Each structure stands twice: as structure tokens, then as C-alpha cells.
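Chemist: Position 470 of the sequence shown, counting from 1, maps to 470 under full-length UniProt numbering, and the rest follow consecutively.
Check the hints yourself; a few may be wrong.
Unchecked claim - DSSO-like mimics (lysine-lysine), calculated; alpha carbons at most 27 Å apart, straight line: (1) K280 / K681; (2) K365 / K600; (3) K458 / K381; (4) K361 / K295; (5) K458 / K124; (6) K600 / K370; (7) K381 / K701; (8) K165 / K287; (9) K295 / K365; (10) K370 / K280; (11) K678 / K665; (12) K665 / K458; (13) K736 / K712; (14) K280 / K365; (15) K165 / K600; (16) K219 / K124; (17) K124 / K370; (18) K678 / K712; (19) K665 / K650; (20) K287 / K236; (21) K736 / K781; (22) K249 / K236; (23) K650 / K681; (24) K665 / K788; (25) K295 / K370.
Worth flagging that the hints you see were computed from the coordinates, not collected in a lab.
Please read these numbers as outputs of a predicted model, since none were measured by experiment.
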Amino acid sequence: MLAGPAALHLLLPAPPPHRRHIAFALPQHPAPPLHARAACSRRSRRRAPPQRHGVARASAAVAEEASSSGPAKFSVRIPVGDREILVETGHIGRQASASVMVTDGETVLVCRLIDRPLRPTMPKGFYYETQILSWVFSYDGIHSPDCLAITAAGIAVALSEIPNKQTIAGVRIGLINGQFVINPTTEQMENSELDLMMAGTDSAILMIEGYCDFLTEEKLLEAVEAGQVAIREICKAIDVLVQSCGKKKMVDAINLPPPELYRHVEDISGDELVQALQIKEKIPRRKALSALEDKVITILSEQGYVSKDSSLGVTESLDDIVEDEDEDEVIVDGEVDEGDVHIKPVLRKPPRQLFAEVDVKLVFKEVSSKYLRRRIVEGGKRSDGRSPWELRPINSQCGLLPRAHGSALFTRGETQVSLAIYSIPYAVVRNLSLAVVTLGGYQMAQRIDNLVDTEESKSFYLQYSFPPSCVGEVGRIGAPSRREIGHGMLAERALEQILPPEEDFPYTIRVESTITESNGSSSMASVCGGCLALQDAGVPIKFPVAGIAMGLVLDTQEFGGDGSPLILSDITGAEDASGDMDLKVAGNESGITAFQMDIKVVGITLPVMEQALLQARDGRQHILNLPPSDVTFCLSSADEMSKSSPPPSKALSRHAPLIHVMKVKPNKVNLIIGSGGKTIKSIIEETGVDAIDTGDDGTVKITARDLSSLEKSKTIIANLTMVPKVGEIYRKCEIKSIAPYGAFVEIAPGREGLCHIRELSSGWLAKAEDAFKVGDRIDVKLIEINDKGQLRLSSRALLPDADSESNSKQQSSGSTKEKAPQKDDLIKMTTRRPKRKKHSEPFGAENATTKTLEKSAAAPATSQGDETAT
Numbered sequence: 001m002l003a004g005p006a007a008l009h010l011l012l013p014a015p016p017p018h019r020r021h022i023a024f025a026l027p028q029h030p031a032p033p034l035h036a037r038a039a040c041s042r043r044s045r046r047r048a049p050p051q052r053h054g055v056a057r058a059s060a061a062v063a064e065e066a067s068s069s070g071p072a073k074f075s076v077r078i079p080v081g082d083r084e085i086l087v088e089t090g091h092i093g094r095q096a097s098a099s100v101m102v103t104d105g106e107t108v109l110v111c112r113l114i115d116r117p118l119r120p121t122m123p124k125g126f127y128y129e130t131q132i133l134s135w136v137f138s139y140d141g142i143h144s145p146d147c148l149a150i151t152a153a154g155i156a157v158a159l160s161e162i163p164n165k166q167t168i169a170g171v172r173i174g175l176i177n178g179q180f181v182i183n184p185t186t187e188q189m190e191n192s193e194l195d196l197m198m199a200g201t202d203s204a205i206l207m208i209e210g211y212c213d214f215l216t217e218e219k220l221l222e223a224v225e226a227g228q229v230a231i232r233e234i235c236k237a238i239d240v241l242v243q244s245c246g247k248k249k250m251v252d253a254i255n256l257p258p259p260e261l262y263r264h265v266e267d268i269s270g271d272e273l274v275q276a277l278q279i280k281e282k283i284p285r286r287k288a289l290s291a292l293e294d295k296v297i298t299i300l301s302e303q304g305y306v307s308k309d310s311s312l313g314v315t316e317s318l319d320d321i322v323e324d325e326d327e328d329e330v331i332v333d334g335e336v337d338e339g340d341v342h343i344k345p346v347l348r349k350p351p352r353q354l355f356a357e358v359d360v361k362l363v364f365k366e367v368s369s370k371y372l373r374r375r376i377v378e379g380g381k382r383s384d385g386r387s388p389w390e391l392r393p394i395n396s397q398c399g400l401l402p403r404a405h406g407s408a409l410f411t412r413g414e415t416q417v418s419l420a421i422y423s424i425p426y427a428v429v430r431n432l433s434l435a436v437v438t439l440g441g442y443q444m445a446q447r448i449d450n451l452v453d454t455e456e457s458k459s460f461y462l463q464y465s466f467p468p469s470c471v472g473e474v475g476r477i478g479a480p481s482r483r484e485i486g487h488g489m490l491a492e493r494a495l496e497q498i499l500p501p502e503e504d505f506p507y508t509i510r511v512e513s514t515i516t517e518s519n520g521s522s523s524m525a526s527v528c529g530g531c532l533a534l535q536d537a538g539v540p541i542k543f544p545v546a547g548i549a550m551g552l553v554l555d556t557q558e559f560g561g562d563g564s565p566l567i568l569s570d571i572t573g574a575e576d577a578s579g580d581m582d583l584k585v586a587g588n589e590s591g592i593t594a595f596q597m598d599i600k601v602v603g604i605t606l607p608v609m610e611q612a613l614l615q616a617r618d619g620r621q622h623i624l625n626l627p628p629s630d631v632t633f634c635l636s637s638a639d640e641m642s643k644s645s646p647p648p649s650k651a652l653s654r655h656a657p658l659i660h661v662m663k664v665k666p667n668k669v670n671l672i673i674g675s676g677g678k679t680i681k682s683i684i685e686e687t688g689v690d691a692i693d694t695g696d697d698g699t700v701k702i703t704a705r706d707l708s709s710l711e712k713s714k715t716i717i718a719n720l721t722m723v724p725k726v727g728e729i730y731r732k733c734e735i736k737s738i739a740p741y742g743a744f745v746e747i748a749p750g751r752e753g754l755c756h757i758r759e760l761s762s763g764w765l766a767k768a769e770d771a772f773k774v775g776d777r778i779d780v781k782l783i784e785i786n787d788k789g790q791l792r793l794s795s796r797a798l799l800p801d802a803d804s805e806s807n808s809k810q811q812s813s814g815s816t817k818e819k820a821p822q823k824d825d826l827i828k829m830t831t832r833r834p835k836r837k838k839h840s841e842p843f844g845a846e847n848a849t850t851k852t853l854e855k856s857a858a859a860p861a862t863s864q865g866d867e868t869a870t
């Protein structure tokens, strides 16, 4: 755990009134202290640019102006924007022609990291739209800027007028050589077993997200505890900063519905609400609740309690008056004396409040959530009749799509995922989820261009799709939403840990997860379906994995319980919306590969998280058809993943491409490429392969649709890159062209040498054309290789009288080396080219060995390739 006290350093000299500065160091963090500055902005509520060493972030928090009518919203909207300005890193990037601002998946993930811990700190009744903006202004390439984003946003909100409940901060935790490191460098993270992003307050945990290499629950809890210590120190420093220059909070902007409205809604809904919440199916239950909500509004409107005014929290007093008093009326002995008329006065009724319709909808939602939680705690039954620990029925099928490289249909309750794999990277997953996996070559890899990974590529990626039809709605279809990007990345990280090394399986793998039906935990269904689809595609995964979502009812005493937290396994959408936590955990029985936790309360403690993680482990064991540690968990009557019918094929599809990996000498790569790519293009065109990818270390990857084209390209490249030796003999070589000084002979495909006119025959020749023509085949012997790699051949050395003549020359000269040809006697190899741009993909060793992943045995290499390959 953490060693030594945290150091907190405050700058004593008073800064200017518009700016405050604070610096502090974190335990087990070797980098320089973190500096936080508060600067007033003329327009924003507050801007806070924290800085660590060469990394600088700026965050601004802005809430819409308060008005007398209040905002017409159910809940606070917190749109978060994050920008990485690449020019501040000295990097231009591919997007520079369009804009210096990069908006990709990575920035979306950072936005979600900022949003999720901030949301539960917003007080109930504050419904003004609030925007958080974050910028990266400086990046040193050493310290990752994403963990600073959470702290920067927390400082900006704490200093602003926004009435947040508590100060938040965020850190990254790595596990390097068995030690936890707070905010490790990018270089350290390459050797880390854990990547944990965490946010919290000085006393509780708000959010965790990350991935690891089958880390145990106990080790993950230790990491969270280490992160909590660091967060506590940051929050204390922020509180000191707030005391010196924080703004007064907008407490007047908090508008809660009147307590009387809760009583009216409960009186009208009553038993009908209880019955509606007992409906097991999602769509019928949603329709019943919607109809009951309309009934409540109608009844309150008929009673004169509801206004169509959409302003939240605005009420009007209406006096129920039976008689109007006249100014001339005089009350005598309790009666009104109005001359001849005596009228008994009627007492006025108390003022009646007129509620906004949006108030009624908000209160109905809260009452429904309260009734659902009470049913779970008191009755031990959820909406679909399950106990708190019981999982929904599971069903899975593989190989449904005939042309896909791998496919799986995973269903858990009313959640279904569809997945498949194709010969160009492609895959799908849903809760009823169809998962499709696609295999392709290196050219199908996903390109990345951001601050940390500049112009790199990913050989595995998962794309998650959540169409509105999966929840029975009509909605937008277009670019992936932030939710889709976040859920897709979570499932991708969960599956990435089980993939084989690229050296063993050099395919680019694309999994596309399409949610066809959703009622909670579709991202974890994507993990389950994706694992099945990968197996169906023949990917040799290390271990099967599964994912599960856990819920929480924190304060059970309010609903008749004993006060201890109640953990729910495999939650539905309604339980996610009404509960206090959504914890997603993926992995197997031995450890965790990915995790994500969101909460709706202001933090949970480590014991609660420990209980949820252990209960999630038993759930994963059940899904994988393994015996749980506690049989009271994870009861279900359905088939598990291992009982998929039909099961995964676990063999490469005949529609998948073939990939052959071979190694050549690094200095031979240019021979394959040729001048301007001429040679490599001609090989692709001649053989019909899909692609040939080369690396500077001599790695060559050939992607082909059939075995014959693959073998042709292998032979050409092997012959092209072979290392010829002086003295070797080549039979029946074709004369490709004839020049006045000799003939150019092809000893192997793409490899030509000069046979000088003196070496064509034992006799004298005036012209080479006198004895030979293009297309003739002759036997030649390699007699010299110059320093440029050019070959000098001889046919005369193989003629019958060549031996005696050669011996006489040796005796006269005392050497076997002949005079070097003139400059014009040799030609440049057509395959030579200038040094090519460095490839970003890592490759292996340099010996000319070959390895092929294909469905049938490779054909034997040609005799030239076997003789000359090194």
C-alpha cells in the first residue's frame, strides 16, 4: 500500500486577486507536484487550469442564467466537451488540413470520465443546464493528460457558483512490479498490469473504470484504496483553494417539488402502481406506467392542481372563495348586516397550490422508483420475479451467418446481442446481441492519431451499435453516440486481454456488436457474445470471459430493511435507473479484465464495493458454467455460454483470408517494394493477392483469398530476397533483354544479372544477338557480386573447355578473382529503391524464416528459395 505521508505545499505569497495558485505532491508519485490555478473568466462561472510538469489542462464550468420561471427540465444536463490541440504537442497529425482540434473516440472517453463523477454531486432540485469544457494546452509526451481532466473539472465546479455537494478529484493507478503507482508516466504504463481511472471525494468513491490482465478482486480493491488516499489529499488542497477564492453558490436555484405533491401522487397511483411494477416484461410494464402517469395528471388537472406551465418548481396559490365580500358589508354578531339581507358567511378554504405538469412527472418517477426499491427490499422480489442474486435466463447460438467469419447470438433475458466476424475486420454484439467477427490483414487495422498514440494502428477493435429499435423507439441514426463509443471501448478492453499475440495470429480482428433488444447490461452482453463469436471465427483465445452488471440499494432501512446495502446481480434497465449503482465487471473465475462503475449517490465505501465485486465473480462463474463459490448466488434455469447451441466452430472459416508471415533480411525489404512501389504492385497484380505489408525489420505479411495466389507470391518474394552466393549455378535461366555489351539473365523471379558478352561463349562474339535472342534459356554461374548487390554471371564458365582455360589463368595470375567489369557493364537492380519511411508497427526477428496461418498445408518452397533463403 502507500508508504509515507502525503506532502502538501502551499505557496504563501499572496497572488493577484483574480488568480490563486496551489501546489501539492501525491504519495507514491515520483513526478513533480501538481499545480492548481484558479483564474476568473469574464463569462464562465470559473476556469481552473491545473498543470503537472509539461502537461497543462484548462477547464471551465458554466451554468445557464437563473430566471424567475426556472428551467423546464426533469434533471440537470451536463454536456462535457474535451479538446486535444495537437499543435501544442509539436505534432500536426492527419486532421490538420481540416482543423487543429481532434474529436475522436479518445476525447469522448475523457468527456465521459468527467461527466460520471460530477453528476451525483449535483444537488437534487438543481436543473439548470451546466456545461463543462476542458482543453489540453500542453503535453510533454510523458504524463497522460486524461487523469488531470477530472481534477480540473472538479476544481472549476468547486470554485464556481454551481451548488455541488462535495469536491471531487481523479487519479490513475498503475500496478508496476507489484507496486501501486499514482499517475504513472506513459512509459511506466507499458509495463503495468492495471490501468485504473478513479474519481471520488475525500471520503467516498464516485467512479472507477479501467482494464487489467486478469487481476483478482482483492488486488483491485487494494488499488482503489491506494487511489482513495491520493484523492483525499487532492480534495483537501482544492478545499483550501476554494476558501481563498471560491464564489458564492447558487443555492436559490435549487427548486424542489412541494411535499404535498408527493402525497397527491401516492394517493392517486396507490395499488395500481404496485401492480404495474410487478409486470415482468419491459414494454408492457413501461406502457402501464405511462398510462398511470397520464391518469395521475388528468385527475390532478380535473381537481385544479395542475397547470400546463412547464416551469419547474413554480406554484400558484388559488383561493377557494364561496362568497365575495363587499366593502360596505358589516359583520354583526357573526352575521353580515346588509340592510334587509342577512347572509351567513362561509369560511374560506386554505390556499390551493397549482403544480406544474413537469413537477408531476418528476414526482411520479421518484415515487415509482421508491415503490420498486421497497418491493425488492421488503418482498425480496424484483420486477421480473427474480431474487436479488438471481440471473436472467441465458441462451446463445453460434455460426448463424453463413458468410461471416464468425457469428454469435447472445440472449440474456430481454437483452440480446448479435455478433459476427468477417474476412475484413467486422463484428456485432447485442443484449439480445448478434456478434459478428471479421478477420483481415494489416491494411484493415484501425488508425489512431491522438496525443498519446500518434499515428499508430490497432489490430483489434470492437464497434458497438445501439439502434433505437432495440428499445422500441424511433430515434436518430448516424455517427456513434458518446454512449455507444464508451460501451464499445469497455467491451473491447474486456476482450483484448484474451486474444493471442499478434506473432501467433497476425490477423486484424474487428468485432461489431449490434444490440437487437435491450433491457439492461448490453455492454456486458457484448462481452459474452463477442467471446463466442471470436471462438466461432477460429481465433485461439486464451480463456473464455463473460460480463455482468451489478446494482445497489444503499439505504435499505428506509424501505423496511436492516440498513445493510443490498447488491443486485444482473440488473435490468429499470433497476439501473432506480438503483444507486451500476457496476459492470468482465473476466473469468480467476480474475478481471475490464470494469466500470457509476453511482447515483455521493459515493460508496470500500466494503460495499468488495461485496459487489465478489458477487459479480460468482455471476461470471455461472455464466461460464463454472461452480460458484456460494451457491446462493446466481440461480438460473437457463443455458449458459458453454452450452451454446450450435456451439462455436473454433476453426477458421473457409471465407476468411489466408495470411502468410515470412522474414527476410532487413536490407532486402527495398527489393520487395521497388522504386516507388513498382515491384510490390506488380507482385500483387501478377499473383492476385489482397495485400503485401512489409516492415523495416524484414517482416513480410501476405494476405490472399486462396492458396494458389498465396504460394505464387511466396515464391516470388523468396526468390526476390534470396541471398545468392558466388559459385552457385542456375539452370535454364531466361534471357530477359540483350544489350550491345551482353545479356540480362533472370536467375530467379525479379532477380537479374549481367552476363557480359565475353562470358556468353568460349569463342569470340561481335554481338550477343548473333548467338542468342530474348527468351532463350541458358545455364549460368554466379561469378561476382559487387558492393551494390549487382550480379555478374557467366555461361562460358560452364562450357567444357572452361575448366582448362580457368586453370591456366589461375597459374598466370595466382588468383581466381577476375577483373571487375566497367561501370556501364552492370545494371541497377530494378527492385532497389531509397530507404522507406519507418513503419509504426513493431515486428519480429530478421532471419528469413516463414510461418503461415492457413487451413491447409503450405506447398513446398521452390529449389531456389530453399537454397538461398537465410
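Chemist: Give a verdict on every hint.
Modeler: Consistency of the hints with the structure:
| no. | hint | in the structure |
| --- | --- | --- |
| 1 | K280 / K681 | 61 Å, violated |
| 2 | K365 / K600 | 15 Å, holds |
| 3 | K458 / K381 | 45 Å, violated |
| 4 | K361 / K295 | 11 Å, holds |
| 5 | K458 / K124 | 43 Å, violated |
| 6 | K600 / K370 | 14 Å, holds |
| 7 | K381 / K701 | 57 Å, violated |
| 8 | K165 / K287 | 35 Å, violated |
| 9 | K295 / K365 | 14 Å, holds |
| 10 | K370 / K280 | 18 Å, holds |
| 11 | K678 / K665 | 20 Å, holds |
| 12 | K665 / K458 | 26 Å, holds |
| 13 | K736 / K712 | 20 Å, holds |
| 14 | K280 / K365 | 18 Å, holds |
| 15 | K165 / K600 | 13 Å, holds |
| 16 | K219 / K124 | 35 Å, violated |
| 17 | K124 / K370 | 15 Å, holds |
| 18 | K678 / K712 | 18 Å, holds |
| 19 | K665 / K650 | 35 Å, violated |
| 20 | K287 / K236 | 48 Å, violated |
| 21 | K736 / K781 | 16 Å, holds |
| 22 | K249 / K236 | 19 Å, holds |
| 23 | K650 / K681 | 34 Å, violated |
| 24 | K665 / K788 | 15 Å, holds |
| 25 | K295 / K370 | 19 Å, holds |
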